[in-house]
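Chemist: Residues per chain, in single letters:
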Amino acid sequence: KQEVTQIPAALSVPEGENLVLNCSFTDSAIYNLQWFRQDPGKGLTSLLLIQSSQREQTSGRLNASLDKSSGRSTLYIAASQPGDSATYLCATLGAGNMLTFGGGTRLMVKP
Amino acid sequence: GAVVSQHPSWVICKSGTSVKIECRSLDFQATTMFWYRQFPKQSLMLMATSNEGSKATYEQGVEKDKFLINHASLTLSTLTVTSAHPEDSSFYICSARDPLQGAAEAFFGQGTRLTVV
Numbered sequence: 011k012q013e014v015t016q017i018p019a020a021l022s023v024p025e026g027e028n029l030v031l032n033c034s035f036t037d038s039a040i041y042n043l044q045w046f047r048q049d050p051g052k053g054l055t056s057l058l059l060i061q062s063s064q065r066e067q068t069s070g071r072l073n074a075s076l077d078k079s080s081g082r083s084t085l086y087i088a089a090s091q092p093g094d095s096a097t098y099l100c101a102t103l104g105a106g107n108m109l110t111f112g113g114g115t116r117l118m119v120k121p
Numbered sequence: 802g803a804v805v806s807q808h809p810s811w812v813i814c815k816s817g818t819s820v821k822i823e824c825r826s827l828d829f830q831a832t833t834m835f836w837y838r839q840f841p842k843q844s845l846m847l848m849a850t851s852n853e854g855s856k857a858t859y860e861q862g863v864e865k866d867k868f869l870i871n872h873a874s875l876t877l878s879t880l881t882v883t884s885a886h887p888e889d890s891s892f893y894i895c896s897a898r899d900p901l902q903g904a905a906e907a908f909f910g911q912g913t914r915l916t917v918v
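Taken in order, these protein sequences are the chains called S and D. Quick note on numbering: the first sequence equals residues 11 to 121 in our numbering. Quick note on numbering: the second sequence equals residues 802 to 918 in our numbering.
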């Protein structure tokens with residue numbers, strides 16, 4: 011059974027810092043890995059999708075990498091802003107078309 | 802990109818009543834939709850997989866008679882919480898992927914905050 015772990019669980023940084031969120035998974039047989047953002051009391055917004063054959067994806071200040079062999083993905087946020095404050099979730103798509111979520115990283119960017 | 806719409810965004814109901822939550826795929830046909838439950842400060846837990854035209858598949862520990870799922874069309878799945886109790890209060894979120902896109906991006910509804918009083 012796939013297990014997805016996100017470290018750290020919470021992170022507080024001053025505005026402008028570059029930061030890295032980590033996601034690890036136990037079963038490397040995945041179709042893709044997706045990073046989401048969730049604001050309090052809201053649904054999930056898809057940020058980046060990395061197919062199993064890809065190594066990284068970029069969107070604006072966000073860059074996500076995937077290393078299937080080691081079961082790791084990182085989300086890099088450049089020049090963080092207070093508006094980036096949210097919970098970030100990673101999820102793997104595996105057998106049975108099931109998404110398995112990590113516990114999330116709660117990010118607070120202080121002005 | 803594909804959009805999934807969920808309604809209502811919040812609902813308060815009395816204990817013992819039933820509540821229906823709708824999940825719609827707006828610009829693609831979803832043969833499969835997924836229902837999740839999320840407790841405060843926790844991640845999403847899959848409750849069930851909704852299959853168009855057939856019975857839903859429930860995860861272990863989820864009562865199928867408590868959480869009724871109907872997927873009567875390719876764009877609509879509903880989750881009905883029957884005889885709701887305060888412990889059913891939670892955040893419920895649905896998800897769908899465009900089946901024509903293979904291992905595609907998952908899109909999520911806005912979520913429904915259910916409070917049972």
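These are computed hints drawn from the structure, not numbers from a lab. Predicted model only: the values in this text are computed from it and were never measured. Be careful, since some hints might not be right.
Stated by the list, open to error - Here are some chain S residues the structure puts well away from chain D; computed CB gaps all over 10 Å: (1) 36; (2) 44; (3) 55; (4) 56; (5) 70.
Said to hold, decoys possible - Cut-off 27 Å, straight-line C-alpha distance, at most; resulting in silico cross-link-like pairs (DSS-like, lysine-lysine): (6) D:867 - S:120; (7) D:865 - S:120; (8) D:865 - D:815; (9) S:120 - D:815; (10) D:856 - S:120; (11) D:867 - D:856; (12) S:11 - D:867; (13) D:856 - D:821; (14) D:856 - D:842; (15) D:842 - D:867; (16) D:815 - D:842; (17) S:78 - D:865; (18) D:842 - S:11; (19) D:856 - S:11; (20) S:11 - D:815.
Glycine included, each C-beta is placed from N, C-alpha and C at the ideal position.
Chemist: Take a quick look at whether residue 842 (chain D) and residue 867 (chain D) sit within 27 Å of each other, Cα to Cα.
Modeler: holds (24 Å)
Chemist: Are residue 865 (chain D) and residue 120 (chain S) close enough, with their CA atoms no more than 27 Å apart?
Modeler: Outside the cut-off at roughly 44 Å; violated.
Chemist: Say whether it holds or is violated: residue 56 (chain S) keeps its Cβ farther than 10 Å from all Cβ of chain D.
Modeler: violated (6 Å)
Chemist: Starting from residue 867 (chain D), check that the Cα of residue 120 (chain S) is at most 27 Å away, please.
Modeler: violated (43 Å)
Chemist: Please work out if residue 856 (chain D) and residue 821 (chain D) have their alpha carbons no farther apart than 27 Å.
Modeler: holds (17 Å)
Chemist: Holds or violated: residue 856 (chain D) and residue 120 (chain S), Cα atoms, limit 27 Å.
Modeler: violated (48 Å)
Chemist: Hint check: residue 11 (chain S) vs residue 867 (chain D), CA-CA at most 27 Å. Holds or violated?
Modeler: Satisfied, since the Cα-Cα distance of roughly 26 Å is no more than 27 Å.
Chemist: When you check the alpha-carbon spacing of residue 815 (chain D) and residue 842 (chain D), does it fall within 27 Å?
Modeler: holds (25 Å)
Chemist: Given the proposed pairing of residue 11 (chain S) with residue 815 (chain D), does the C-alpha separation stay at or below 27 Å?
Modeler: violated (38 Å)
Chemist: Hinted pair, alpha-carbon criterion (27 Å max): residue 78 (chain S), residue 865 (chain D). Please report holds or violated.
Modeler: Given pair residue 78 (chain S), residue 865 (chain D) is violated - Cα atoms ~35 Å apart, limit 27 Å.
Chemist: Please verify that the nearest CB of chain D lies beyond 10 Å from residue 36 (chain S)'s CB.
Modeler: Fine: 16 Å to the nearest Cβ keeps residue 36 (chain S) off the interface.
Chemist: Could you grab the alpha-carbon distance between residue 856 (chain D) and residue 11 (chain S) and see if it respects the 27 Å cut-off?
Modeler: Distance ~24 Å between residue 856 (chain D) and residue 11 (chain S) Cα, so the pair holds.
The structure fails hints 2, 3, 4, 6, 7, 9, 10, 14, 17 and 20 (numbered hints given earlier, in ascending order).
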